[in-house]
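Chains as they are written, first to last, in this note's numbering: chain L, 1458 to 1688; chain S, 4 to 493.
Since the hints were derived computationally from the structure, they do not count as laboratory data. Cβ atoms here follow ideal geometry from the backbone N, Cα and C, with glycine treated the same way. Be aware that a few hints might be false.
As the list claims (entries may be wrong) - Using C-beta positions, here's what the derived DEER-type ranges look like:
no.: 1; chain 1: S; residue 1: 257; chain 2: L; residue 2: 1511; range: 54 to 64 angstroms
no.: 2; chain 1: L; residue 1: 1470; chain 2: S; residue 2: 446; range: 34 to 44 angstroms
no.: 3; chain 1: L; residue 1: 1520; chain 2: S; residue 2: 480; range: 13 to 23 angstroms
Stated by the list, open to error - Here are some chain L residues pointing at chain S (derived, C-beta under 10 angstroms):
no.: 4; residue: 1562
no.: 5; residue: 1631
no.: 6; residue: 1635
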Amino acid sequence: MIEINSLRKTYNGVTVLNINHLEIKQGESFGLVGNNGAGKTTLFSLLLDLIEPSNGSVKLKGVQVNISEDWKPFTAAFLDETFLIGYLTAEEYFYFIGELRGQNKATVDALVSRYSDFFNDEILGKKKYLRDLSKGNQKKVGIIATLIGNPELIILDEPFANLDPTTQFRLKKIIRELADDKNVTILVSSHDLAHTTEVSDRIVAMHKGEVVKDIYTSAETLKELEEFFAV
Amino acid sequence: MFLQFIRLEWKAFVRSQAFGTNLGIKIFLGLVAVIYSLMFLAGSATGYYIIQKELHQDPLVVVSKYLIYYFLVDLVIKSLLQKLPVINIRPLLTLPIKRSTIVNFALGKSLISFFNIIHVFSIVPFSVVLLKEGYDPAGVLLWWAGMWLLVYVNNMLNVLMSDNDFVFVIFLGILGLFGGLQYYSYFDVTLVTGVFFHGIYTTYYLVLVPVVLFAALWWFAHKFFSKKMYLDTGLKGKHQQAQTQDFAWLNRFGTMSPFLKNDLKLILRNKRSKTTVVMSVIFIFYGMLFYTGMLEVYEGAGWQVFASIFVSGGFLFTFGQFVPSWDSAYYPLMMSQNITYRDYLASKWWLMVIATAVSAVICSFYLYFGWHVYLMILSGAVFNIGVNSLLVLFGGAFVKTPIDLTSGKQAFGNKQAFNIKTMLLSLPKMLGPIALYLLGATFINETAGYLFVTAAGLLGLAFRNVAFRAIERIYKAEKYSTIAAYKQKG
């Protein structure tokens, strides 16, 4: 699904990301952990062609992202609030994304209603524009919007941050369900080792722009990761 | 403390991403300012002698008489163009700085605006000439101080009313009302105000009026903004009742319809973009100045072509100028969603085309002034649709200033609803058709002039797809730096 080859990003001579080779298979649930500045968001931005690689390439399903735009139809992402349109209501935002992905209103409504408990009655039908929602509620809208139109690749940056404990549990359940679907590849980054080990089959730890650990989740994974980061 | 603020301001200016373009534009603006200042300077210094020679009246009396219009025009210009000083207030609130200091600094900063300084060049030379001609020095000094304070009074008025985007319409209305009443000699406002302005010179006490006015306005503005300096009042902005709207009638536009719907919501729901609609309506009537023969200077054919471009192109210029900056807040979404650049650009293009066409139809009332006027407007509209729409999109690729859509909601928000930059960038788009028209009109006849302009527009339309591909390439090449520039706010 994702193939990264000798990918490097340099700002003014400082290398912030350097990955020789990384392959993520279709259907994998992939967790990315690391400290601040490890390069998690940089990697995601490179996957989405939001920043220009200094060297190397990213291929999604064989499409090199900085050459062709053909990766867009099967990819959905929520990195931060710049993925939201502040002057729309949540419903309008969902419909907008739906239209871009060729979904009619009824399909969007059906999908969104499945997650009504995730929204906890604070978002739908509230007559509020997204810009007037709290940070946590904005995040919920952004995350659910990535599920519209059956994307094959979903990228979520720090989805657990800013969410209340109940919502974190619900989100873990949602991600687990997606992970069980073998057509969906899901990438999640987090600071929280416990969350990541719970939802991901495979975990990559990054440190200063490099991949330092690449493990398939097992009973010992959390302990192993904790030992690694406890410096 | 003020020194600290000034240092912060300096850093904000130097370190902003748009510094390069900022500086270029600032230099250009500086040049324009110098030219205007020199014109002002020459005008006001020689004005004295011209009035004396031509009218055989006391120049100070004549000037005082018409000062009311000077200040009204100043108010209109200020409310349209003067940006409020932006000082980043939130982070300062919890620091050990008195609220009153913050407010004073922000207000004080507004006083050193170009729009105030420019008056140095009209008031000071005139006062110097007065002194030279043997007017009472104390009186001249007081008159000078009074004028200066009145400039600041205007400044404070503008600051206080800046929350309202349409305030300049009110000032324009007052200006028009006084002008009209005087022109048709119903009521001459200058009879009252002239005595007052001249009185500042003759009596030593009337200067107290501007002093008191200014002090009161400062006090009031200080109180007004101090009260607003809480996160849940002035610094927060109002929450509107949101309504989910559908605009299903736009569905006929196929793949572009989601964008068109979105742009419509963008325009309707954000203050900043709403002003573009107001501006385009104003531009429709802008032609009245030119076609009615109201002002003699505008009767030249060149000016009329100039007007014909503006009349139908108001929306194209005010909105199009900032494509894609309107979407700056969520540009990464647009860049990673299932959207091709082509659809995105095409939807913006259609929006401008529709608006231009609608304006051209509304403009049919200009038929009253003769067929040739409306023909001129139509050829201007064709040129706008064919050429200017593409030029605007092209220029947009390089305008990388993020737009804070919600601004204008806050007392200290970034006000750039309609700024000088927009106008400067529009100039080349006007000069093209004027040149074409003059080419045709001088060498063949007027009709050929219109035909030239129209033909250029049609040619642009014919090559639209080629131009689109080129523009698309530029947008793609600029993509990464645009995303990076939009990331930083303010």
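Take a look at whether the Cβ-Cβ distance between residue 1520 of chain L and residue 480 of chain S falls inside 13 to 23 angstroms. holds, 20 angstroms
Against chain S, run the beta carbon of residue 1562 of chain L and see if the smallest gap drops under 10 angstroms. It holds, given that the least Cβ distance between residue 1562 of chain L and chain S is near 9 angstroms, below 10 angstroms.
Range hint 54 to 64 angstroms: satisfied by the CB atoms of residue 257 of chain S and residue 1511 of chain L? violated, 39 angstroms
In this structure, is the beta-carbon distance linking residue 1470 of chain L and residue 446 of chain S contained in 34 to 44 angstroms? violated, 59 angstroms
Holds or violated: is the Cβ of residue 1635 of chain L closer than 10 angstroms to a Cβ in chain S? With a closest approach of 19 angstroms, the residue 1635 of chain L hint is violated.
Taking the closest Cβ pair, is residue 1631 of chain L under 10 angstroms from chain S? It is violated, given that the least Cβ distance between residue 1631 of chain L and chain S is near 21 angstroms, above 10 angstroms.
The structure fails to meet hints 1, 2, 5, 6 from the earlier list, while all remaining hints are met.
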